[in-house]
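Undergrad: Let chain A serve as the given structure and place chain B on it in line with the hints.
Number of protein chains: 2
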Amino acid sequence: MFINALSHYLPEMVVSNAHFENLNGLSNDWIVGRTGIQERRRASVQENTNTMAVEAVRQGLATLPYDVQEIDLIVGATYTPYDTIVTLAHVVQHDLQIPEIPVVSVSTACSSLINAIEVVEGYFCMGKARRALVVVSDHNTAYSNESDKIAGHLWGDGAAALFISKERLSDSDLYIRDVLTGGAATVGKAIEGVTMRPLNGGVNMPQGRDVFQNAVIYMPKASRQVLQRNGLSVDDVDWVLPHQANFRISKKVMEELGLPMEKLLSNIQYLGNTGCAGCAIGLDENKFRYQKGDRIIVTTFGGGYSYGAMLVEV
Amino acid sequence: MFINALSHYLPEMVVSNAHFENLNGLSNDWIVGRTGIQERRRASVQENTNTMAVEAVRQGLATLPYDVQEIDLIVGATYTPYDTIVTLAHVVQHDLQIPEIPVVSVSTACSSLINAIEVVEGYFCMGKARRALVVVSDHNTAYSNESDKIAGHLWGDGAAALFISKERLSDSDLYIRDVLTGGAATVGKAIEGVTMRPLNGGVNMPQGRDVFQNAVIYMPKASRQVLQRNGLSVDDVDWVLPHQANFRISKKVMEELGLPMEKLLSNIQYLGNTGCAGCAIGLDENKFRYQKGDRIIVTTFGGGYSYGAMLVEV
Chain A
1 MFINALSHYL
11 PEMVVSNAHF
21 ENLNGLSNDW
31 IVGRTGIQER
41 RRASVQENTN
51 TMAVEAVRQG
61 LATLPYDVQE
71 IDLIVGATYT
81 PYDTIVTLAH
91 VVQHDLQIPE
101 IPVVSVSTAC
111 SSLINAIEVV
121 EGYFCMGKAR
131 RALVVVSDHN
141 TAYSNESDKI
151 AGHLWGDGAA
161 ALFISKERLS
171 DSDLYIRDVL
181 TGGAATVGKA
191 IEGVTMRPLN
201 GGVNMPQGRD
211 VFQNAVIYMP
221 KASRQVLQRN
231 GLSVDDVDWV
241 LPHQANFRIS
251 KKVMEELGLP
261 MEKLLSNIQY
271 LGNTGCAGCA
281 IGLDENKFRY
291 QKGDRIIVTT
301 FGGGYSYGAM
311 LVEV
Chain B
1 MFINALSHYL
11 PEMVVSNAHF
21 ENLNGLSNDW
31 IVGRTGIQER
41 RRASVQENTN
51 TMAVEAVRQG
61 LATLPYDVQE
71 IDLIVGATYT
81 PYDTIVTLAH
91 VVQHDLQIPE
101 IPVVSVSTAC
111 SSLINAIEVV
121 EGYFCMGKAR
131 RALVVVSDHN
141 TAYSNESDKI
151 AGHLWGDGAA
161 ALFISKERLS
171 DSDLYIRDVL
181 TGGAATVGKA
191 IEGVTMRPLN
201 GGVNMPQGRD
211 VFQNAVIYMP
221 KASRQVLQRN
231 GLSVDDVDWV
241 LPHQANFRIS
251 KKVMEELGLP
261 MEKLLSNIQY
271 LGNTGCAGCA
281 IGLDENKFRY
291 QKGDRIIVTT
301 FGGGYSYGAM
311 LVEV
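Chains as they are written, first to last, in the working numbering: chain A, 1 to 314; chain B, 1 to 314.
Next comes chain A alone, as it looks inside the complex (with noise of 0.2 Å):
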């Protein structure tokens, strides 16, 4: 699989922690201290996460090398979604007027890119799609209390827009070599730690540091596997891109993997925790660093728990 076009979206409105100061007595001392985050981005009302989507998408059309009429397949991600039944991806269906293809909308929490693309995978490899559209949002402050000093912080909004094809269009497509998903449901405080609740208190982490230590675990685990069954090493790594937490966590990750922290590729510091979207927008945001031949690792972990791992190749 090749992604042809990559683009994002974030909404104006930057929240800086003085914000939190005012409102709960979270300093940024504390804050930067224990999350890294400075600031994040939030939707203003006229906004969710199906207007972030679409915008998003329009964002990537302007590089896309074919025309949008021939995406054949649109996969959508979301856990704070603002419709459930037209959800994001039939909302950018509509907006790109592309009738009678395949649209759906995961949610594996914060790991749903992975799974998106993994779906896409399925369908070229059925011969069902050739050129996907995976789009991934997160509106985590329409469902998070801010005032929660345990996790009120955290959150921030964004959206992005992969265009993905079966084969190789142009020599700068990004090269995914290899994806890998697993569900961890089985482990630690896994049906706990982190839920998203519509109707009983939306999002909320009462087990903050469960999920610390198994997302520590679990993207090193799937960063190794993908790359040991590409004959790779971690050697092989030129940039990491985990799961858009906790700067902490990032940190761990590469600690694990044994990698200097130059090779990380992190937003956090000024988005938050933009949920399923914030590797994605990574992705994009990097992309005048990568050299020809880099190769790319991104790994994310959610609640639930579940995980995975991506190989890019530039």
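Take the hints with a grain of salt, since some may be wrong.
Pairs count within a copy or across copies, as identical chains cannot be separated in the list.
Taking lysine-lysine and the DSBU-like style, the derived pairs with C-alpha atoms no more than 35 Å apart in a straight line are [to be verified]:
# : residue 1 : residue 2
1 : Lys-189   : Lys-166
2 : Lys-292   : Lys-263
3 : Lys-251   : Lys-128
4 : Lys-263   : Lys-149
5 : Lys-189   : Lys-252
6 : Lys-251   : Lys-263
The hints are simulated quantities; they were obtained by calculation from the structure and are not laboratory data.
TA: Chain B only, in chain A's frame:
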């Protein structure tokens, strides 16, 4: 693909039409005349999408012709989530204690059953799974307003599980010969016909007429497409199991296909619209009626819009 075991779960509480006559003045005759619905099930306060999913799966284990630990993929589906992070697929993984297999939940409204099965088809094609568990569960009454005279009386709750293998495992397996899905967000009032906005009023159907009109176009159309590409015609069909939304829609689908009502499988009369679980419950409930060699068309339509058709052989 082959269905090796099928099961479903229904909440105990039965809500008859008399309940609505008392609540908002809709009479039994009015409801039956417009929808065919006489009663529906309602989950108790201890139940939700996730608990119903777990129950449906547990029911199926007794007849599963292999060890539960051989399951290597779980795909959940719902548009009425209890938890979008700890999804129904993740709680099922937790309940079965099957470690480190791909686990994902999907939403394409009432047509999600067939989308979930198409995702499984992709994993089978890639060789990433051989024994999949599809679990569909909708808790409509959690998100609907029963006083709503437009749609409050339509909704019921329920769940079902399908255990699906890549190769035939027994003579009694149901053979899924072909699967087709599509989004139809480009037509009619697709993105406003029926909506499920967790933070904005739950399930609503402001454009029921448009939903009806497109349901009776897309279900026959998708059914014909899937038959045609398998060298079959409507005359080769023994049973039709359309999405259980409204008995008048089902009747119209049979008329459009030119098939007699004796070939219709229906549970809307006593279950109401159980969302993406409806057809799966119906497929299970009617097992005793199928004869060897029978062909079943399962066809779905949902908000967004989205549609699908699946050809099953006994």
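Undergrad: Next step is simple, just say for each hint if it's right about the structure.
TA: Hint-by-hint comparison with the structure:
1. Lys-189 <-> Lys-166: For Lys-189 and Lys-166, only the inter-copy Cα distance (32 Å) is at most 35 Å; the intra-copy one is 38 Å.
2. Lys-292 <-> Lys-263: within (16 Å within a copy, 60 Å between copies)
3. Lys-251 <-> Lys-128: Close across copies (31 Å), not inside one copy (40 Å); limit 35 Å.
4. Lys-263 <-> Lys-149: For Lys-263 and Lys-149, the Cα distance is within 35 Å only inside one copy (32 Å; across copies 59 Å).
5. Lys-189 <-> Lys-252: Close inside one copy (20 Å), not across copies (49 Å); limit 35 Å.
6. Lys-251 <-> Lys-263: Within one copy only: 11 Å inside a chain, 61 Å across chains, cut-off 35 Å.
Of the numbered hints listed earlier, not one is contradicted by the structure.
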